[in-house]
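Enquirer: Using the working numbering, the first residue of the sequence shown is number 1, and each one after it goes up by one.
None of these hints come from the bench; they were simulated from the model.
Among these hints, one or two may not hold up.
To be verified - Straight-line alpha carbon distances no greater than 30 Å define the calculated DSSO-like cross-link-like pairs of lysine-lysine that follow:
(1) Lys39 with Lys137
(2) Lys137 with Lys16
(3) Lys101 with Lys39
(4) Lys101 with Lys137
(5) Lys16 with Lys43
(6) Lys43 with Lys101
(7) Lys39 with Lys16
Source: prediction; values computed, not measured.
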Amino acid sequence: MNTSSNSSSEIFTFEKDFAGALYCIPMAVRRKLDLCGVKVSLKQWNRFELDEREQMVAQDCETPNEIDTYGRYVVGVIEQRTDDAAQLLERDAGTEWNDPKSVPQRVLDYSMERDVTPPTVAQWAALSPLQRFSIFKLTRPGHSNENFVPAMREFGLID
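Based on the provided sequences and hints, a complete structural model is requested.
Expert: Okay, structure coming up:
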């Protein structure tokens with residue numbers, strides 16, 4: 001389900017089982033939520049209408065104005081569909097994951113802990129910002145991250 005030609009709205013093959021029907025929050029939306037600093041729980045997400053979830057996948061969220069607009073949209077949906085106040089977080093500009101010249105140490109360590117060849121700097125640089133974000137998110141401490149190897153494979157980082 002690639003909702004547009006914009007790679008920042010792509011739903012990856014490794015997440016289609018759970019994100020294709022938009023029952024779970026796809027990486028494209030998770031990245032946008034981090035960029036605009038709005039937390040959406042899975043419980044909240046599942047109270048949104050399908051067209052609202054699709055809008056969150058498709059809507060641009062790259063420039064400062066788009067990020068602000070996206071955040072306002074999500075806050076509005078949270079307030080309309082749930083009894084919860086929107087929880088705002090510090091915005092993540094991608095300093096840890098979006099530098100194409102440096103593979104984050106967390107990704108290197110996580111790869112080695114799982115006997116997976118870590119991405120080279122050249123491989124990391126060739127990834128889209130959404131791909132870098134996804135790999136980085138899939139190395140979070142305290143999470144099962146079962147999609148780490150499938151994502152590495154899908155992005156051509158391992159065989």
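Enquirer: Are there hints from earlier that the structure breaks, and if so, what are their numbers?
Expert: 6
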